[in-house]
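Q: Given next are the chains, with one letter for each unit.
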Amino acid sequence: DTAVSQTPKYLVTQMGNDKSIKCEQNLGHDTMYWYKQDSKKFLKIMFSYNNKELIINETVPNRFSPKSPDKAHLNLHINSLELGDSAVYFCASSLTGAGDTEAFFGQGTRLTVV
Amino acid sequence: AQSVTQLGSHVSVSEGALVLLRCNYSSSVPPYLFWYVQYPNQGLQLLLKYTSAATLVKGINGFEAEFKKSETSFHLTKPSAHMSDAAEYFCAVSGSGGSNYKLTFGKGTLLTVNP
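Protein chains in written order, with this note's numbering: chain A, 5 to 118; chain B, 0 to 114.
It is possible that part of the hints are untrue.
As the list claims (entries may be wrong) - Computed far set for chain B versus chain A, every beta-carbon distance over 10 Å:
#1 Leu17
#2 Lys67
#3 Glu70
Said to hold, decoys possible - Simulated pairs of lysine-lysine, PhoX-like, Cα-Cα distance not exceeding 20 Å:
#4 B:Lys106 to A:Lys40
#5 A:Lys71 to A:Lys26
#6 B:Lys57 to B:Lys67
#7 A:Lys40 to A:Lys23
#8 A:Lys56 to A:Lys26
#9 A:Lys71 to A:Lys48
#10 A:Lys71 to A:Lys56
#11 A:Lys48 to B:Lys106
#12 B:Lys68 to B:Lys57
#13 B:Lys106 to B:Lys48
#14 A:Lys45 to A:Lys71
#15 B:Lys48 to A:Lys48
#16 B:Lys106 to A:Lys44
#17 B:Lys106 to A:Lys45
#18 A:Lys44 to A:Lys75
Just so you know, the hints here were simulated from the structure itself, not pulled from any lab data. The beta-carbon is built from N, C-alpha and C at its ideal position, and this holds for glycine as well.
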């Protein structure tokens, strides 16, 4: 059983389209995250949710809208996709939102905007 | 505010040689420090973490790291490299309280292991 699973693994789409990435964790964790990894492998946090509540929103364009229907799921919807949105998006979860807890990462979704 | 600097974007070693990956951090609060490994086309996996207990931390796959407050460093070492260690390694810092509840990553160091 995969602890943190994301779908789809690959996503190729045209500029201007709207797309969603889904994430589910079966670890019973309270906190979930979205990270973006750019072409130079740099990882940056986008959002953090704790028990369905938004905790961190790191100056991400409002075309990106996370949604957490329950604490096991955190989806990412992206409107009006741009070329610069091409990246690998990682979902992660941790037991709590405390700074000393380990984050468990999904396999990533490689988004390519053409 | 917190940040991480990884010295050397690419480190190449021979199989059996010492691995040393460097990480320096900056944090306005006592830091929690992590090393993650990313194999090609995979997510990140925790190698080890420092959370203010012992300054020498042992992790998986024979890796260890030492927290040195005076040098603001958290370098990762392994006595003898194996081919399977080839991967991207990320150092990360987090802190306690408020907006510090997040991982801030370094830019990564690609480790290649030569036979």
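Q: Hints first: check each against the structure and report whether it holds.
A: Going down the list of hints, with the structure as the test:
no.: 1; hint: Leu17; verdict: 24 Å, holds
no.: 2; hint: Lys67; verdict: 19 Å, holds
no.: 3; hint: Glu70; verdict: 21 Å, holds
no.: 4; hint: B:Lys106 to A:Lys40; verdict: 13 Å, holds
no.: 5; hint: A:Lys71 to A:Lys26; verdict: 10 Å, holds
no.: 6; hint: B:Lys57 to B:Lys67; verdict: 15 Å, holds
no.: 7; hint: A:Lys40 to A:Lys23; verdict: 15 Å, holds
no.: 8; hint: A:Lys56 to A:Lys26; verdict: 15 Å, holds
no.: 9; hint: A:Lys71 to A:Lys48; verdict: 19 Å, holds
no.: 10; hint: A:Lys71 to A:Lys56; verdict: 8 Å, holds
no.: 11; hint: A:Lys48 to B:Lys106; verdict: 10 Å, holds
no.: 12; hint: B:Lys68 to B:Lys57; verdict: 18 Å, holds
no.: 13; hint: B:Lys106 to B:Lys48; verdict: 18 Å, holds
no.: 14; hint: A:Lys45 to A:Lys71; verdict: 25 Å, violated
no.: 15; hint: B:Lys48 to A:Lys48; verdict: 19 Å, holds
no.: 16; hint: B:Lys106 to A:Lys44; verdict: 8 Å, holds
no.: 17; hint: B:Lys106 to A:Lys45; verdict: 7 Å, holds
no.: 18; hint: A:Lys44 to A:Lys75; verdict: 31 Å, violated
The earlier numbered hints that this structure contradicts are 14, 18.
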